[in-house]
Amino acid sequence: MTSFGSITEECGLINGSNFPFIPGLPDDIALLCLARVPLRYHHVLRCVSRRWKALLGSEEWASCRQKNNLEESLIYALCRDNTTGRNCSYVLYPEPASRCWKLHGDVPTQFSEKKGLVLEALGKKLYLFSNCGFPGCTTGAVYCYVPSANKWEEGAPMAGRCYFLSTVLDEKLYIIGGNGMSIVDQQSLDVYDSHSNSWSSNEIQIPLNDIVKVEQDQQ
Amino acid sequence: MATIITKEQQEKEKMVTLVSSDSEKFVVEQKVAEKSHVIKMVMNCCGIESPIPVRRVKGDILKSILEYCEKHSKGEAQEVMEKWDKEYMDKAEKDLVFFHDLMLASHFLHIQELVDLIAVTFAGMLKMKSPEEIRQKFNINNDLTKEQEEHIMTTFGWAFQPI
Numbered sequence: 001m002t003s004f005g006s007i008t009e010e011c012g013l014i015n016g017s018n019f020p021f022i023p024g025l026p027d028d029i030a031l032l033c034l035a036r037v038p039l040r041y042h043h044v045l046r047c048v049s050r051r052w053k054a055l056l057g058s059e060e061w062a063s064c065r066q067k068n069n070l071e072e073s074l075i076y077a078l079c080r081d082n083t084t085g086r087n088c089s090y091v092l093y094p095e096p097a098s099r100c101w102k103l104h105g106d107v108p109t110q111f112s113e114k115k116g117l118v119l120e121a122l123g124k125k126l127y128l129f130s131n132c133g134f135p136g137c138t139t140g141a142v143y144c145y146v147p148s149a150n151k152w153e154e155g156a157p158m159a160g161r162c163y164f165l166s167t168v169l170d171e172k173l174y175i176i177g178g179n180g181m182s183i184v185d186q187q188s189l190d191v192y193d194s195h196s197n198s199w200s201s202n203e204i205q206i207p208l209n210d211i212v213k214v215e216q217d218q219q
Numbered sequence: 001m002a003t004i005i006t007k008e009q010q011e012k013e014k015m016v017t018l019v020s021s022d023s024e025k026f027v028v029e030q031k032v033a034e035k036s037h038v039i040k041m042v043m044n045c046c047g048i049e050s051p052i053p054v055r056r057v058k059g060d061i062l063k064s065i066l067e068y069c070e071k072h073s074k075g076e077a078q079e080v081m082e083k084w085d086k087e088y089m090d091k092a093e094k095d096l097v098f099f100h101d102l103m104l105a106s107h108f109l110h111i112q113e114l115v116d117l118i119a120v121t122f123a124g125m126l127k128m129k130s131p132e133e134i135r136q137k138f139n140i141n142n143d144l145t146k147e148q149e150e151h152i153m154t155t156f157g158w159a160f161q162p163i
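Chains as they are written, first to last, in UniProt numbering: chain A, 1 to 219; chain B, 1 to 163.
Chain B with its partners taken away, still in its complex shape (with noise of 0.2 Å):
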């Protein structure tokens, strides 16, 4: 006998339902889940009956990734995803803690994009900064003299002083 599978069915079968570390759970479309590499992975191996538990991963910041996963699924035209991708990054560079995990979660999940776009955001924040300004933003203990810090400026920085 013929299995009839109706579409409500078949939508539903591409669900997937993931676990943070504080077991929030997610229902999202296999293929926002499929972004991450290692989802896919673990996907393609046990199906997608079952929960799959990313327990490395906090349940706020699964959230943020899922909602970038989703929104890079749906092939927006790219000034759409660009706009987007800088409003989700000044969001999220607000808090350096938060912005810190996003980046290990997002790396440990194999979202390349992801990673390229934090890398990216995170560069720009040490533009126009000065050594110090850099120091107290990332909490970072200066070990230099003034007179090292003071040859290292000449001696690498005459190139690029702006006319």
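Only chain A is shown next, with the shape it has when bound in the complex (with noise of 0.2 Å):
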């Protein structure tokens, strides 16, 4: 699978349709009703019309999920195929009718075969990049998932860095530690904020040379 549709371009049908979603019922009441069908039937739903495409994709939709507790999830996972050394990733969907790894499909291009790549949540999108060292591997490039759109969109590019560690906290992105270009960065936390697709960078003063491991404390 290479191709991730565009599926956003039709979001203007949302509103200002004369055709309802469901005749008889008005739009906001019948999205209460739509948006309580588990995510397993939802390609079903975009099927349906334009209309219920548009909105299956649509932000309308993500907020009344979120506000009526109906969010569901789903497990990503990264693979690295030994005998072609090309990296895929799968999907697991946590619900026993289903519950076996799907092949999701080809990373972006540019990942396709690199190494150390990483993969975190944040939001409900997800974001690939690589903390390789190996010479002239080392890339800041960003890459985004967005489920909603079955889309990989490029993101905001990091600092180059390598062996890094990585943290999702606050809906924020947190890159900490490894080796930087300079000495500098090594005593430099990047951080990613998601709404403006923006990196800032952020000095601290501990040893970074030893760490291992990142973990949050919700406190």
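These are calculated hints, taken from the structure and not from any lab test.
From a predicted model like this one, the values you see are computed outputs, not experimental measurements.
The C-beta atom is built at its ideal place from N, Cα and C for all residues, glycine as well.
Careful: at least some of the hints might be erroneous.
Derived lysine-lysine pairs resembling DSSO-like cross-links, with alpha carbons at most 27 Å apart [claimed, not checked]:
#1 40(B) x 63(B)
#2 127(B) x 151(A)
#3 102(A) x 127(B)
#4 146(B) x 151(A)
Below, a sample of chain B positions facing chain A; criterion: calculated Cβ distance under 8 Å [unchecked claim]:
#5 50
#6 100
#7 119
#8 131
#9 138
#10 139
#11 141
#12 142
#13 143
#14 156
#15 157
Make one complex out of these two single chains by using the hints.
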């Protein structure tokens, strides 16, 4: 599976159409009903009409699911095929009836054979980057997977750094430690804000050389 | 002089009359009518002495809604209620127009439990159906081409095929 279709072009259809989602029901009430359909049937709902398709990829849909505690999770895994040397991703829908890993597809071309890939979930998106330190391998490229559109997008690149650790806290991605281009990089913490799609750098005053794991303290 | 209120009178005072849009009258206990947040507010501000008009809701729908409210004001065991709810919904969903009206009325009257129950039942009707079956059931016009439909199925459906 190499193509990730463009699904967002019809979002304008959500509002201002003469056709209701469900004839006989106002749209806000129809949305309350439709949002309760489990994730495993969403692709079927997308096929009903252009308006339903646009609805399921919309913010309105996501926020209705969130407000009513209807959000469901998928588990993604990144794998490297040792025979071909290619990276691919798998997904698991943790529901008994379909609990098996499915091949999701190739990762973006630039990362298809890269080593040291890291996948982090941030909000409703997945972020993919590499902490590989082999000569010529270090890259600051960041790719972002948007499940509601089933599409990879290019994110703001990070500063070149390798063998770093990453964690997600308060809807922000933290990159810490490892080797950078200069000694300054080693004593800094890079923070990615998904809302503004931008990185910021902060100096930190702790010895970084021996960090092996970053954990969150929710307190 | 102290006024003596008999038990009978006390019971009587707790009754309220609701009038549907087609002028059908329903006399129910106050605690039953209170299940509707909207009616509760009306009762709080205007009292229960005079009949309360429920202008947007027809008699057959109001009757069904009050049946639900009455059952849910008794505080019975959860298993009993779940079984009752299921039978209540099985009956209601047979007639789609009635089912839609029930949803609209419970939403209008702010009976959150019933809105949730209907929404879940509604979502249940969409499970295990093909897009065409959904269109037929709800009378929805198909404006997607066969190719677009197939594209969506393969792009979004791959993760959810049963084993």
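Cross-check of the supplied hints:
no.: 1; hint: 40(B) x 63(B); verdict: holds (17 Å)
no.: 2; hint: 127(B) x 151(A); verdict: holds (26 Å)
no.: 3; hint: 102(A) x 127(B); verdict: holds (21 Å)
no.: 4; hint: 146(B) x 151(A); verdict: holds (22 Å)
no.: 5; hint: 50; verdict: violated (31 Å)
no.: 6; hint: 100; verdict: holds (4 Å)
no.: 7; hint: 119; verdict: holds (5 Å)
no.: 8; hint: 131; verdict: holds (4 Å)
no.: 9; hint: 138; verdict: holds (5 Å)
no.: 10; hint: 139; verdict: holds (5 Å)
no.: 11; hint: 141; verdict: holds (7 Å)
no.: 12; hint: 142; verdict: holds (6 Å)
no.: 13; hint: 143; verdict: holds (5 Å)
no.: 14; hint: 156; verdict: holds (4 Å)
no.: 15; hint: 157; verdict: holds (4 Å)
Checked against the numbered hints given earlier, the structure breaks only hint 5 and satisfies all the rest.
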